[in-house]
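If you use this note's numbering, the sequence shown corresponds to residues 1 to 524, in order.
Worth flagging that the hints you see were computed from the coordinates, not collected in a lab.
Being a predicted model, the structure only gives us computed values, none of them experimental.
Where is the CB? At the ideal position from N, CA and C, for every residue including glycine.
Some clues are possibly wrong.
Below, a list of computed lysine-lysine pairs in the DSS-like style, where the Cα atoms sit at most 30 Å apart [as the list claims (entries may be wrong)]:
| no. | residue 1 | residue 2 |
| --- | --- | --- |
| 1 | LYS92 | LYS58 |
| 2 | LYS474 | LYS502 |
| 3 | LYS474 | LYS229 |
Computed Cβ-Cβ distance ranges for the label pairs, DEER-style [claimed, not checked]:
| no. | residue 1 | residue 2 | range |
| --- | --- | --- | --- |
| 4 | ILE208 | ALA464 | 43 to 51 Å |
| 5 | THR146 | LEU118 | 58 to 66 Å |
| 6 | ILE182 | ASN355 | 53 to 61 Å |
| 7 | LYS496 | SER414 | 22 to 30 Å |
| 8 | GLY242 | ARG151 | 34 to 42 Å |
| 9 | SER256 | GLN456 | 17 to 25 Å |
| 10 | ASP386 | ILE182 | 27 to 35 Å |
| 11 | ARG162 | GLY332 | 32 to 40 Å |
| 12 | PRO475 | ALA25 | 35 to 43 Å |
| 13 | GLY272 | PRO65 | 51 to 59 Å |
| 14 | GLU343 | ASP155 | 18 to 26 Å |
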Amino acid sequence: MRIIIAEKPSVAQAVASVLGGAKRAEGYIDCAGDTKVTWCFGHLLETAPPEDYLDGGKVKSSDLPVIPEKWKLTPRDGGAGKQVKVIRELLKTAKEVVNAGDADREGQLLVDEVLIYLVWQGKTSRLWLSSLDDDSVKRALATLKTNESMRPVYDSALARQRADWLRGMNCSIAISRNLQAIGVPGAWSVGRVQTPTLALLVDRMRAIEGFKPRDHYQVEAEIGDEGIKAQWQIPDDLLIDGLLMDKTPAEAVVESVRGQSMRVERFTSKTGERAAPMPYALSTLQKVASRRLGLSAKDTLAAAQELYEAKLTTYPRTDCPYLPMEMHADAGRILKAVAVGMEGLEAERKHAAWNTGKVEAHHGIIPTGQKPAGANLSANAQRVFDLIRESYIRLFMLPEKFEAREAIFVAPGSERLRATARIVLESGWTKLGEQEEDEEGVSPESGRLPVLAEGQTLQCRGAAVVAKRTAPPKPYTDGTLIAAMTGIHKLVTDPKLKARLKETAGLGTEATRASMIEVLITRE
1 MRIIIAEKPS
11 VAQAVASVLG
21 GAKRAEGYID
31 CAGDTKVTWC
41 FGHLLETAPP
51 EDYLDGGKVK
61 SSDLPVIPEK
71 WKLTPRDGGA
81 GKQVKVIREL
91 LKTAKEVVNA
101 GDADREGQLL
111 VDEVLIYLVW
121 QGKTSRLWLS
131 SLDDDSVKRA
141 LATLKTNESM
151 RPVYDSALAR
161 QRADWLRGMN
171 CSIAISRNLQ
181 AIGVPGAWSV
191 GRVQTPTLAL
201 LVDRMRAIEG
211 FKPRDHYQVE
221 AEIGDEGIKA
231 QWQIPDDLLI
241 DGLLMDKTPA
251 EAVVESVRGQ
261 SMRVERFTSK
271 TGERAAPMPY
281 ALSTLQKVAS
291 RRLGLSAKDT
301 LAAAQELYEA
311 KLTTYPRTDC
321 PYLPMEMHAD
331 AGRILKAVAV
341 GMEGLEAERK
351 HAAWNTGKVE
361 AHHGIIPTGQ
371 KPAGANLSAN
381 AQRVFDLIRE
391 SYIRLFMLPE
401 KFEAREAIFV
411 APGSERLRAT
421 ARIVLESGWT
431 KLGEQEEDEE
441 GVSPESGRLP
451 VLAEGQTLQC
461 RGAAVVAKRT
471 APPKPYTDGT
481 LIAAMTGIHK
491 LVTDPKLKAR
501 LKETAGLGTE
511 ATRASMIEVL
521 ITRE
């Protein structure tokens with residue numbers, strides 16, 4: 001008999017429906033081919049608490065740090081113990097076990113640790129699912145891996161789990177005891193991801209509270225009959241921290257250039273293309289959903305998981321936006337399902353996202369080609385599906401083509417003013433919905449700037465001093481906090497630490513960042 005252990009009941013149901021002959025039993029599904037499909041509820045087991053490794057029970061300060069010589073696992077609260085018993089009974093007659101945990105290191109660990117806990121030593125295979133639609137499940141079942149080949153993934157997850165336990169448990173106890181000793185009550189939590197994420201929030205809060213606005217100035221002029229907007233190129237020796245703090249030089253420039261003939265010292269024009277954005281990884285989906293839909297990281301992940309379990313999109317907890325080239329063959333079928341009636345799509349087009357060599361454990365989040373009609377989706381899931389759908393369709397649209405222009409004007413008094421413009425020649429993929437913005441939420445610049453000849457003169461029709469005031473840092477949203485967590489290396493000055501953090505995925509993983517933000521909110 002073959003036992004397939006899924007990470008959750010919904011995945012077990014998807015696998016069982018492909019196997020056929022499914023009959024529901026207590027804690028598992030009986031399927032054709034002498035196969036039974038059972039499930040976990042995420043982690044059924046957890047690492048035993050520190051007191052379980054000590055003879056005296058309660059942990060004393062002198063016991064710290066607690067470092068287990070032999071690690072112990074114990075069933076979690078709720079129905080975990082009951083489900084472990086179901087799996088134990090199934091293993092008694094099994095000839096083969098298939099680990100069908102989610103296709104990531106945590107999914108590998110949570111099934112493997114149950115098998116180790118139950119001392120299973122028989123044949124074990126690995127079902128690696130990136131999507132739950134029937135065709136994907138059939139392909140995965142036909143190409144099972146050996147579970148031993150995934151040992152590095154298990155080792156990675158186990159190392160992370162134990163390192164988090166060692167730091168979190170020991171440091172939380174130590175800090176709580178020290179604070180209690182000076183009259184601060186309560187238990188205080190410390191974590192490898194939690195604590196630096198909290199530090200990001202505290203640093204931003206302090207920066208906002210301690211912010212002192214500074215007034216600064218710029219000169220803006222209107223040049224020529226077409227009203228070209230130009231700004232003074234402020235000499236470096238007048239700037240303090242990149243800003244002009246003294247209004248007097250700005251007022252002098254206004255008097256100097258107003259009504260004067262401005263000579264075009266330099267005019268440049270370059271054409272360029274902007275390809276459609278890459279498919280979403282979970283973190284980029286969370287950032288865009290936060291900005292465009294106002295969704296929290298937690299709600300976005302829940303919606304993406306709902307879409308995955310509804311067989312509408314691929315595996316959500318991915319940190320890789322690239323797609324394997326072999327999936328390009330499905331483009332025509334998927335577009336037919338998600339881009340009904342749209343013109344100008346080229347299913348043969350190969351965006352830079354199609355790059356098998358850059359695909360890691362998972363690829364970018366894309367539609368499976370199943371139609372959402374009748375899926376009974378939540379409102380959030382439908383909105384997130386629309387984002388994923390748009391992202392995929394854009395891959396098969398033409399790039400945006402534009403012309404970037406720049407002019408430098410020189411006044412009789414040698415003052416220089418600069419004007420720029422970005423003219424869209426072909427809108428391409430930007431026809432579809434809202435344009436993507438940069439990390440600061442700013443759309444590509446545009447402006448009015450006709451073709452000019454160097455040496456040409458135009459009259460300055462008006463000029464004025466523009467008073468500005470520096471703004472405080474903005475409070476984090478879920479989206480900008482996710483961006484800070486994934487780009488944590490940008491906030492580190494030590495070159496070795498910066499380089500090391502740049503190699504990693506930042507603070508946390510695609511799967512855990514949303515829950516960590518919620519933990520911090522809950523604990524206030």
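Against the structure, the hints:
Proximity of LYS92 to LYS58 is assessed by CA-CA distance (about 37 Å); at most 30 Å being required, the pair is judged violated. Between LYS474 and LYS502 the CA atoms are separated by roughly 24 Å; this keeps the pair inside 30 Å, and the hint holds. Under the criterion of a C-alpha separation no larger than 30 Å, the hint pairing LYS474 with LYS229 is consistent with the structure, at around 29 Å. About 31 Å separates the C-beta atoms of ILE208 and ALA464, a value inconsistent with the hinted range of 43 to 51 Å.
The supplied range of 58 to 66 Å is broken by THR146 and LEU118, whose beta-carbon atoms lie about 19 Å from each other. In this structure the supplied range 53 to 61 Å holds for ILE182 paired with ASN355, their Cβ-Cβ distance being about 56 Å. The supplied range of 22 to 30 Å is broken by LYS496 and SER414, whose beta-carbon atoms lie about 47 Å from each other. Here the CB-CB span from GLY242 to ARG151 is close to 53 Å, at odds with the stated 34 to 42 Å.
Between SER256 and GLN456 the Cβ separation comes to about 20 Å, which falls inside the hinted range of 17 to 25 Å. One distance hint, 27 to 35 Å for the beta-carbon pair ASP386 and ILE182, is violated here, with the actual separation near 53 Å. Under the hint 32 to 40 Å, the C-beta atoms of ARG162 and GLY332, about 47 Å apart, miss the expected range. Between PRO475 and ALA25, the C-beta spacing of about 51 Å breaks the proposed range 35 to 43 Å.
Here the CB-CB span from GLY272 to PRO65 is close to 56 Å, well matched to the stated 51 to 59 Å. Range check, GLU343 to ASP155: about 51 Å between beta-carbon atoms, so the 18 to 26 Å window is missed.
In the structure shown, a violation is registered for the earlier hints numbered 1, 4, 5, 7, 8, 10, 11, 12 and 14, in ascending order.
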